[in-house]
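Each residue of the sequence shown is one higher than the one before, counting from 0 in numbering that gives the first Met the number 0.
Incorrect hints may have been included.
Computed spacing ranges between beta-carbons, pair by pair [claimed, not checked]:
#1 67 - 140: 14 to 24 Å
#2 74 - 10: 38 to 48 Å
#3 36 - 136: 17 to 27 Å
#4 92 - 134: 22 to 32 Å
#5 131 - 13: 18 to 28 Å
Keep in mind that the hints were calculated from the coordinates and are not lab data.
Glycine included, C-beta positions come from ideal geometry on N, C-alpha and C.
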Amino acid sequence: MIAAEVETIVLRLGVAMLIGAVIGAERHLRGQPAGLRTHALVALAAALAVLICVPLNGDVSIYPDAQSRVLQGILTGIGFLGAGVILHGARRGAIYGLTSAAGIWITAVFGALCGHGRFGVALIGFALVLLVLFLGGRIEEAIAARFHRRGAAEGRGSEPPS
């Protein structure tokens with residue numbers, strides 16, 4: 000393995016892990032079940048899986064179908080991991096952990112993007128995810144307050160429509 004390949008691998012894996020760690024840190028700071036380590040490992044695993052079938056020299060003809068199969072496997076498998084953080088509350092209809100599950104899933108997508116060397120797409124998506132994570136709750140609370148349903152933004156106090 001030549002130095003340029005090592006540099007490419009380190010960059011792709013490092014960026015994937017960093018993006019996952021930041022998303023996980025946000026989840027950890029909010030006291031959610033999947034935190035920094037989980038998200039960093041998901042992104043790293045997805046990037047590694049993509050690197051299995053993506054030649055660093057750009058010659059995709061070596062494994063023509065492998066990339067789509069690996070992506071399908073990653074996204075399906077990570078869905079099961081995300082399902083593990085979803086909890087049903089004691090109150091009727093209360094479900095918790097959906098944002099963490101979605102965070103795990105999108106973290107795998109970022110890992111796959113970085114493993115493929117698609118940093119621009121990953122960074123734009125990452126910025127949008129941070130926007131949703133940091134402002135989404137406030138927007139939900141404002142909407143709930145507007146319609147006199149305090150607590151609905153967190154899945155509490157709202158009744159299903161009749």
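Okay, the hints, checked on the actual structure:
The beta-carbon spacing between residue 67 and residue 140, approximately 40 Å, falls outside the hinted interval of 14 to 24 Å. Distance hint check: the CB atoms of residue 74 and residue 10 are about 23 Å apart, inconsistent with the given range 38 to 48 Å. At roughly 23 Å, the beta-carbon separation of residue 36 and residue 136 lies within the given 17 to 27 Å, and the hint holds. With their beta carbons about 25 Å apart, residue 92 and residue 134 fall inside the hinted range of 22 to 32 Å.
Judged by the Cβ atoms, the range 18 to 28 Å given for residue 131 and residue 13 holds: they are separated by roughly 24 Å.
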